[in-house]
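Peer 1: Can you build the whole structure from these sequences, using the hints too?
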Amino acid sequence: MIIDYFDRSVPDDLQADLCIIGAGPAGIAIARAFLGTATRVCLIEGGGLAGEDRSQSLYEGDWTGDAPFDAGTSRMRVFGGSCTLWGGGCIPLADSDMAPREWVPDSGWPIRYDDLAPWYARARDFCRIDPSHGFGPGAFDGPLPRRPLDLDPDALVNFVFARSPITFGDAYREDMRRAPNISLLLHANVMELESTADASRVTGARIGTLDGRRGRVFARHYVLAAGGIENARILLLSDSVAPDGLGNDRDLVGRYFMDHPSGTIGTIRADDPDRVTRPYERTIGKVRAPFAPEIGLSLKAQRDHRSLNARVHPFAVEGQVPRGIRALRDVRAALRPPTRDEAALLEARLCAALQNGPGGTAAVQQNLAISTVRLGLHIGDVVRAVAQKVADRPTVRSDRVELVGFFEQAPQRDSRVTLGDERDALGQRRVRVDWRLNELDRHTWHTTTLLTGARLAAACNGHFEPEPWTQGAAPPGVHGTAHHMGTTRMADDPSRGVVDAQCKVHGVANLHIAGSSTFPTGGWAFPTFTIVALSLRLADHLRVLLTACEHSGLA
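Per my numbering, the sequence shown starts with residue 5, numbered consecutively.
Keep in mind that a hint or two might mislead.
Across the chosen pairs, the derived CB separations fall in these ranges [claimed, not checked]:
1) A513 to G138: 34 to 40 Å
2) R310 to D11: 35 to 41 Å
3) G40 to H545: 48 to 54 Å
4) R151 to L549: 46 to 52 Å
5) S204 to G40: 29 to 35 Å
With a Cα cut of at most 25 Å, we get these calculated SDA-like pairs of lysine to any residue [claimed, not checked]:
6) K304 to A159
7) K304 to A98
8) K290 to L148
9) K304 to D156
10) K290 to R151
11) K304 to V408
12) K290 to A98
13) K304 to V108
FYI, nobody ran anything at the bench for these hints, they're computed from the structure. A virtual CB, placed ideally from N, CA and C, is assigned to each residue, including glycine.
Peer 2: This is the structure:
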């Protein structure tokens with residue numbers, strides 16, 4: 005069932021067997037694992053079923069560090085989570101991403117790819133990826149729309165990723181609505197996890213609304229699934245008993261914050277740049293391809309150069325656009341009705357920010373009559389473009405290729421999430437992100453540029469021009485990709501991590517954490533597929549624990 009906590013007919017305090025905090029892919033995956041069971045699940049979401057500016061403002065915060073970071077626009081507070089805005093990219097981590105690497109300090113997971121493989125298979129179903137296509141460490145097997153380039157295997161490898169066709173909020177809303185044992189509680193913001201006097205058990209989740217209502221959710225077990233930043237923030241805010249925050253005895257909560265830094269590493273100028281870009285396009289006509297290749301560093305290259313993992317995507321940059329095509333685009337823009345829907349406008353603003361663009365700006369509406377006349381005068385350009393598309397050739401010729409890198413980030417203790425001094429509308433301290441990048445990161449950017457630029461330029465008889473920042477001659481030209489990881493990292497040793505291999509918080513008996521905040525390292529892989537796999541694995545573990553509670557008669 006779906007309950008809105010703004011509704012005053014709903015009791016202030018609620019009871020459940022399992023309380024899940026956060027209704028993004030992790031929280032939804034865990035909740036769905038209990039469909040049809042006797043376990044009472046309360047799935048708490050701070051937002052609503054659609055985006056709302058007032059709720060979204062609770063995510064705003066401050067930043068410092070080595071590259072710009074906006075906590076308010078790099079995630080979304082809504083049922084379905086930030087994946088409401090995602091592109092659907094799914095790929096497993098490689099085993100080498102999870103293994104200790106002696107040249108990467110603080111690397112190594114307490115679990116490996118083989119431990120996670122059964123749940124990757126279930127994650128494929130949850131993400132509604134065609135189950136006839138297999139996968140292995142670091143790649144899917146799938147039919148590609150075009151043949152990728154033949155690469156030097158000592159340096160570069162083609163990796164195939166899958167595209168999920170869904171957003172989780174839309175796909176699984178009806179499951180939540182129909183489930184008699186699951187309560188999706190909307191507009192309930194978790195303000196603190198209350199605990200016993202020795203901070204060894206959570207006793208309740210204190211919740212509140214933006215209109216001043218307060219209450220609690222009581223449960224046997226609790227799961228934090230609020231995202232790579234908010235998981236740490238909630239633990240740090242839970243300081244009534246533990247002054248440094250719940251689970252933070254060793255000052256590790258919020259540390260080791262990572263993202264996937266991204267930036268343009270250089271430009272290829274060539275007479276035929278499409279030879280490099282077309283094999284890696286992610287659409288077939290106007291339709292997104294269900295599988296697409298990416299160019300990544302080989303494991304041999306990572307070992308030989310002692311670098312982190314990385315991938316590079318070649319983006320075609322349009323040359324001169326024919327006047328008829330420009331007119332057609334202007335007509336489409338003029339016919340597109342303006343929206344005043346709050347959720348749609350919020351999503352557009354966040355999408356623009358995630359693409360490193362000016363969030364919140366609207367395109368100027370073209371005059372329809374003038375654009376239509378221009379289209380008629382140059383209709384031949386459109387006819388030629390249609391013929392090009394039928395022949396599977398670009399409709400607008402490219403004049404250069406931008407190589408954009410997406411990089412693994414080195415885990416480092418001083419890259420961290422803390423609480424700032426400013427407070428939000430609930431009276432809670434806002435988040436402060438100190439995003440640090442180190443010499444290993446810079447070495448990886450340089451290595452990736454060195455290994456990809458000239459090789460891809462040679463594939464189209466072009467010339468590669470690296471960006472100065474990749475050579476250390478300018479400030480880092482990178483931005484985040486909203487893949488927040490590491491702030492409650494996983495380790496068997498409590499002195500090295502916040503949660504154990506089962507994602508239980510060290511020293512807190514009934515609190516687990518789901519999501520990418522548990523990742524000790526991140527590879528270059530899009531994190532959602534691994535988030536879902538880990539969450540399904542955790543759900544199986546929680547079913548065992550809750551069954552044991554029932555048999556023992558524990559409340």
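Peer 1: State for each hint whether it applies.
Peer 2: Evaluated hints:
1. A513 to G138: 34 to 40 Å: Holds - the Cβ-Cβ distance for A513 and G138, about 39 Å, lies within 34 to 40 Å.
2. R310 to D11: 35 to 41 Å: The hint (35 to 41 Å, Cβ to Cβ) is violated, given that R310 and D11 are roughly 57 Å apart.
3. G40 to H545: 48 to 54 Å: Violated, since G40 and H545 (Cβ atoms, about 19 Å apart) do not stay within the stated range.
4. R151 to L549: 46 to 52 Å: holds, 49 Å
5. S204 to G40: 29 to 35 Å: Holds: the Cβ-Cβ distance is about 32 Å, inside 29 to 35 Å.
6. K304 to A159: holds, 7 Å
7. K304 to A98: It holds: about 13 Å lies between the C-alpha atoms, which stays within 25 Å.
8. K290 to L148: Holds: K290 and L148 sit about 16 Å apart, inside 25 Å.
9. K304 to D156: holds, 11 Å
10. K290 to R151: Satisfied, since the Cα-Cα distance of roughly 19 Å is no more than 25 Å.
11. K304 to V408: holds, 22 Å
12. K290 to A98: violated, 31 Å
13. K304 to V108: Roughly 15 Å separates the two Cα atoms, so the pair holds.
In the structure shown, a violation is registered for the earlier hints numbered 2, 3, 12, in ascending order.
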